[in-house]
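Just so you know, the sequences run in chain order A and B.
353 is the number of the first residue of the first sequence in the numbering used here; add one for each residue after it.
353 is the number of the first residue of the second sequence in the numbering used here; add one for each residue after it.
Please note: incorrect hints may appear among the correct ones.
Which copy? The list can't say, so a pair holds if one copy fits it or any two copies do.
[Claimed, not checked] List of simulated lysine-lysine pairs, BS3-like, C-alpha gap at most 27 Å:
hint, residue 1, residue 2
1, 377, 687
2, 649, 400
3, 577, 702
4, 400, 653
5, 389, 400
6, 518, 389
7, 683, 643
8, 411, 702
9, 732, 389
10, 732, 377
11, 713, 518
12, 377, 709
13, 389, 649
14, 653, 623
15, 716, 518
16, 411, 585
17, 400, 518
18, 623, 585
19, 518, 732
20, 684, 377
21, 377, 518
22, 400, 683
Keep in mind the hints are simulated off the structure, nothing from the lab.
2 protein chains.
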Amino acid sequence: MVSNGPEWKVNVPEDTLVIEPALPKRMCIQLQEQILKSLMNIAAFLVKARNIATSDPRKVIHGVKVGMALSLVSLFYYMKPLYDGVGGNAMWAVITVVVAFEYSVGATIAKSFNRASATFLAGSIGVGVHWVANQCGEQLEPVILQASVTILAAAATFSRFIPSVKARFDYGVMIFILTFSFVSVSGYRVDKLLELARNRVSTIAIGTSICIFTSMLFYPVWAGKELHNLIYKNLERLADSLDGCVTEYFKDNEERVNRKHEGYKFVLNSKAGEEAMANMARWEPAHGRFKFRHPWKQYLKVGASMRSCAYCIETLSGFINSEVEAPELLKKHMKEVCMTLSSASSNVLKELAATTKTMTKSTKTRFFVQEMNFAVQSFKSVFEALSKQTLLLTEHEAGEEKTSKETQTVPIMAIFPIATLATLLIEITERVENIVVEVENMAAQAEFEVENKPFKYDQDQVIIHP
Amino acid sequence: MVSNGPEWKVNVPEDTLVIEPALPKRMCIQLQEQILKSLMNIAAFLVKARNIATSDPRKVIHGVKVGMALSLVSLFYYMKPLYDGVGGNAMWAVITVVVAFEYSVGATIAKSFNRASATFLAGSIGVGVHWVANQCGEQLEPVILQASVTILAAAATFSRFIPSVKARFDYGVMIFILTFSFVSVSGYRVDKLLELARNRVSTIAIGTSICIFTSMLFYPVWAGKELHNLIYKNLERLADSLDGCVTEYFKDNEERVNRKHEGYKFVLNSKAGEEAMANMARWEPAHGRFKFRHPWKQYLKVGASMRSCAYCIETLSGFINSEVEAPELLKKHMKEVCMTLSSASSNVLKELAATTKTMTKSTKTRFFVQEMNFAVQSFKSVFEALSKQTLLLTEHEAGEEKTSKETQTVPIMAIFPIATLATLLIEITERVENIVVEVENMAAQAEFEVENKPFKYDQDQVIIHP
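Start from the sequences and build out the full structure, keeping to the hints where you can.
Shown next as structure tokens:
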């Protein structure tokens with residue numbers, strides 16, 4: 353079995369060459385390895401946690417805020433006078449804080465509102481059903497209660513599948529089922545039903561108000577602001593990706609190491625996050641530069657138009673990384689127009705990002721869009737100039753050699769990469785124009801301010817693209 | 353103000369022409385309108401709910417299951433002997449059922465496990481902390497308890513931001529904080545702490561077992577099976593979209609009404625759903641044809657490779673719907689090779705879908721991939737045949753008219769659309785090959801069965817692509 357060939361040595365792990373130790377020692381070694389392994393896992397976990405903490409300290413602050421809110425609410429337990437007021441039900445305030453305290457203010461308000469209103473609604477219906485059941489006699493009472501719980505729970509659970517309910521009231525429906533079962537089932541035993549209900553409502557009020565105030569007053573994280581930032585950062589990412597892709601394509605081979613253009617991947621996957629944030633943002637009061645009825649839904653449309661553009665950039669990036677290469681001559685010929693077109697598109701995107709970031713309608717946007725359209729036109733005219741050298745489709749009469757010393761010939765396959773690049777770039781400009789429309793709608797709906805100083809045309813710049 | 357021009361009539365709603373009635377009557381009309389409006393909203397909501405119910409009756413069944421589980425657990429309240437056993441704590445069993453009963457079996461097990469283990473862990477730590485605090489004297493006790501709640505809650509809340517914790521234990525961490533606060537805070541008053549803990553554990557055990565059994569025994573919805581179905585249906589969607597796009601491109605203009613090729617949009621947005629299902633599927637026991645350690649993570653890789661292909665199809669679809677049109681002559685020339693290539697790719701996708709659906713390794717896949725590669729080669733050779741008619745890049749010497757009566761000329765811009773189509777189709781075949789690799793990995797990891805009857809080559813079919 354044992355061979356001395358060098359190939360053999362390569363394939364076998366080192367410790368098989370060691371003489372096997374006795375069983376207890378082997379177990380000891382295994383145990384040590386296991387412990388070492390789990391220690392390393394824990395270390396890796398801690399490193400990951402530290403990285404998250406350093407990259408976004410607000411997440412640490414959120415943890416501290418939850419701790420603060422909890423110790424605030426637990427004061428109801430420790431302080432004699434407060435405890436006497438609320439009694440053992442203070443537990444429900446603690447539960448409310450733990451359950452309803454979310455990362456963003458919007459989510460906290462949504463959960464608090466859901467919890468409070470669902471508890472109140474379910475409590476009232478529960479008491480009503482209980483009263484009806486009580487009137488029907490001792491025999492029928494459990495039957496009616498049981499049937500009402502079953503039917504209402506089934507209907508409410510089903511309603512969670514309806515998108516409009518799921519988006520805004522998912523948690524509320526759950527609390528409704530919970531409270532209704534609670535009241536109608538426990539009502540059978542607990543006689544002081546109304547007092548229980550009153551206590552529950554007051555403790556939940558304490559819990560939700562602690563939640564909302566803590567989340568709003570100490571380093572608040574507004575879902576709306578997060579969404580706003582995400583949108584303009586994604587616009588910047590798209591602009592960088594587009595620039596990066598085209599620059600990389602026209603670079604010399606050795607230099608292709610820059611991965612800056614991967615930002616579009618982030619845009620591709622931001623749909624779920626955007627929708628969640630928009631849902632939460634609708635619950636938030638006016639904050640910073642955002643009014644109460646800020647058009648958050650329009651942000652989703654901007655997001656969708658950006659994703660559509662990102663799909664195209666993804667294809668462009670895949671195409672740039674593929675092996676098909678245009679001949680150097682053609683590449684040189686096309687470099688300038690391609691770069692001009694892509695930088696015109698990315699200028700529009702950057703301007704949109706600035707518009708969104710500063711919330712001021714920019715007079716430059718229209719200019720940049722025009723410049724982009726000029727670039728498309730001059731791009732097309734370069735190709736039309738090329739097209740004077742027509743392509744001959746002689747089907748079967750491919751006779752007469754036309755190549756001579758004076759003319760440089762390019763096979764038709766060679767222009768494919770450039771043609772694809774051109775079509776993709778033009779498609780991207782169309783999708784960028786969609787983004788412009790959506791951002792302008794957003795600016796109109798959100799009543800962005802108009803820029804004070806009007807933008808002066810740089811004459812030289814205009815002359816370049818007549 | 354009032355003009356009789358017809359333009360004016362168009363812009364004003366009809367009822368402004370009616371003479372205004374007295375105030376009470378107006379209010380009455382407004383009220384009627386409001387009621388009518390809300391009735392119509394309710395009707396629309398009900399129609400939507402009915403549509404959801406008819407399109408997926410399992411959602412209704414889920415509602416019924418929750419109702420059943422709740423009435424089962426509330427029996428603990430109504431039946432004297434059971435009630436005496438568990439006491440007023442039966443409420444916790446009800447809460448557990450409401451909170452932990454999810455749509456899929458995996459999610460229910462995950463929540464039940466999270467709830468049970470987090471309660472147990474937090475309970476033990478809470479009792480420990482309580483004992484330590486008790487030893488430190490009456491003065492220090494509340495301080496220690498308060499500090500431990502604050503610190504542990506802050507740390508645990510922060511840990512929810514770590515992706516690996518969030519994916520599997522998000523709910524557990526919340527329950528941990530809840531139970532720990534509960535035990536350490538209420539422990540200050542309630543002396544029978546251990547009895548409380550024992551009661552809590554037993555009621556949660558009752559609740560979770562009712563949840564798990566109801567969800568597993570009556571019309572179970574397995575997250576794993578859902579994910580499996582989603583993956584093969586998405587493969588079919590991609591195949592249909594690809595076929596649809598290319599067919600539509602080569603159709604006559606009038607016929608372009610078929611929207612069958614929009615299935616790829618579903619694939620674009622399936623990331624979040626796939627990840628959630630894979631996370632739940634890991635909790636599920638063996639069911640149907642799926643073993644306990646089925647490689648659910650590999651399904652995510654298949655999903656990612658499919659999305660990469662879908663991005664390309666999205667670009668293709670955008671390009672097909674754009675106004676740029678290739679000349680009819682070229683289109684006719686290219687129709688056959690393009691259709692062959694796209695149908696070869698979609699055959700591969702369909703075969704992969706069949707492989708996944710039936711969970712049997714298909715001997716045909718390799719054959720179809722080969723056929724696709726043949727199609728790429730013959731596709732390229734058609735273009736190379738075209739390239740014998742070389743394109744002249746005469747830079748400045750664009751003299752001598754080469755167009756003569758015998759040859760049909762095509763301007764270079766005209767081949768752009770075809771060139772783009774070709775590049776995109778070839779890019780799509782490359783991405784399809786990625787999907788093949790990922791599906792084969794999946795088949796190997798999940799130990800798909802090997803097909804019994806070996807696939808017989810259809811000689812005629814092979815001869816077409818030598």
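Now for the hints, and whether the structure bears them out:
no.	hint	result
1	377 / 687	neither (69 Å within a copy, 73 Å between copies)
2	649 / 400	between (34 Å within a copy, 21 Å between copies)
3	577 / 702	within (19 Å within a copy, 45 Å between copies)
4	400 / 653	between (34 Å within a copy, 23 Å between copies)
5	389 / 400	within (16 Å within a copy, 53 Å between copies)
6	518 / 389	between (43 Å within a copy, 23 Å between copies)
7	683 / 643	neither (50 Å within a copy, 54 Å between copies)
8	411 / 702	neither (29 Å within a copy, 45 Å between copies)
9	732 / 389	neither (62 Å within a copy, 53 Å between copies)
10	732 / 377	neither (78 Å within a copy, 65 Å between copies)
11	713 / 518	neither (35 Å within a copy, 40 Å between copies)
12	377 / 709	neither (65 Å within a copy, 50 Å between copies)
13	389 / 649	between (48 Å within a copy, 23 Å between copies)
14	653 / 623	both (10 Å within a copy, 19 Å between copies)
15	716 / 518	neither (41 Å within a copy, 44 Å between copies)
16	411 / 585	within (20 Å within a copy, 39 Å between copies)
17	400 / 518	between (33 Å within a copy, 13 Å between copies)
18	623 / 585	both (14 Å within a copy, 22 Å between copies)
19	518 / 732	neither (49 Å within a copy, 51 Å between copies)
20	684 / 377	neither (70 Å within a copy, 78 Å between copies)
21	377 / 518	neither (58 Å within a copy, 39 Å between copies)
22	400 / 683	neither (44 Å within a copy, 55 Å between copies)
Violated hints, listed in ascending order, are 1, 7, 8, 9, 10, 11, 12, 15, 19, 20, 21 and 22; each of the other numbered hints is respected by the structure.
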